[in-house]
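Numbering follows UniProt numbering, with no gaps: position 47 of the sequence shown is 47.
None of these hints come from the bench; they were simulated from the model. Beta carbons are placed, not taken as given, at the ideal position from N, Cα and C, and that holds for glycine. Treat each hint with caution, since some may be false.
[As the list claims (entries may be wrong)] Dumping the calculated SDA-like pairs for lysine to any residue here, alpha-carbon to alpha-carbon at most 25 Å:
| # | residue 1 | residue 2 |
| --- | --- | --- |
| 1 | K223 | E129 |
| 2 | K223 | F153 |
| 3 | K165 | E278 |
| 4 | K223 | P262 |
| 5 | K117 | S33 |
| 6 | K165 | E187 |
| 7 | K117 | R283 |
| 8 | K165 | D191 |
[Stated by the list, open to error] Derived Cβ-Cβ restraints for the label pairs, each shown as a range:
| # | residue 1 | residue 2 | range |
| --- | --- | --- | --- |
| 9 | A19 | V78 | 42 to 50 Å |
| 10 | P262 | S20 | 23 to 31 Å |
| 11 | A63 | R90 | 37 to 45 Å |
| 12 | V78 | E198 | 32 to 40 Å |
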Amino acid sequence: MLNVSLRQLRYFVALVETASFSAAARRVGVTQSTLSGAIQEMEAELGARLAERSGRKFELTAAGALLAGRAAEILADVQDLPALLTRAGRPLTSRLRLGVIPSVAPFLLPRALPSLKSAFPELRLSVREALSRQLIASIRTGELDAAIIALPFAGGGFESAPFWKDHFFLGVAATHRFANRAEVAAEDLADETLLLLEQGNCLRDQVLSLTGAAGSQEGGEVKAMSLLTLVQMADNDLGVTFLPEIAIAAGVTDGADLRLIPCRGERSSRDLVLIWRERASRRHEYLLLARHLQELCEAHFAKPQERRRRRAS
């Protein structure tokens, strides 16, 4: 029978996260020799070398890299056990650590946070805003319970529940040649300066996918850190930009004389989803949360005719 303890797994995860035996020992509050000995015992029990040691440095072996993510998941599941028993039959009444991507957080949270507080008064919610890849990594290690991101996302081992189809609109200055267009398509933008968010933001990747501009030359695009900055740049005719409907409905273009033009094409929207670790014990709670977010978006971000169509379907 395998005899690997949670203590050994905790020591190993600390070593992986700090990349240092001394730093890992300080984190878990033991001596370096105690930590090293525990990991050696675990290696002997598993019959595999987890790390190659060279002085104070180490490098994960293939077996160690394979174990690293699973060990973090096991510890997260164990940490969740008390809350699992407490909330039996009472969903969304304990702590929930939620991540949200930057192109959604400032527009959804002002509506979602008061609504969640009213609907689930015992829910202890904490929120972290970060890029998709950072949120996914934090769910994998157990630092976050769930996250609001946009499809697609990289990596397996997750479940997701879609809650909103967020359409893109092209934003142009009132004097732009497209200002009176009823709609635009990707091929219309070949000669335009495309205003984008900085690299690493999933909205940037979605816009490039929509326009087919993934190989655009440097200088053909201008970058910003926020949608508000993109709005101001487009309003002053420095280029054109794509804005998600959720941001427009929340007022991101207020104060600007921007023309908003619907986009034509199969990639003219993004799917917002709630994701969590596969086989999570709180799956029923996450599905309930996703349903609440869907109803919230339908109430506040859909046009009246679109709201009726969504409900009919």
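- Item | Unsatisfied constraints (hint numbers, rising) | Those not satisfied are hints 5, 8, 9, 10.
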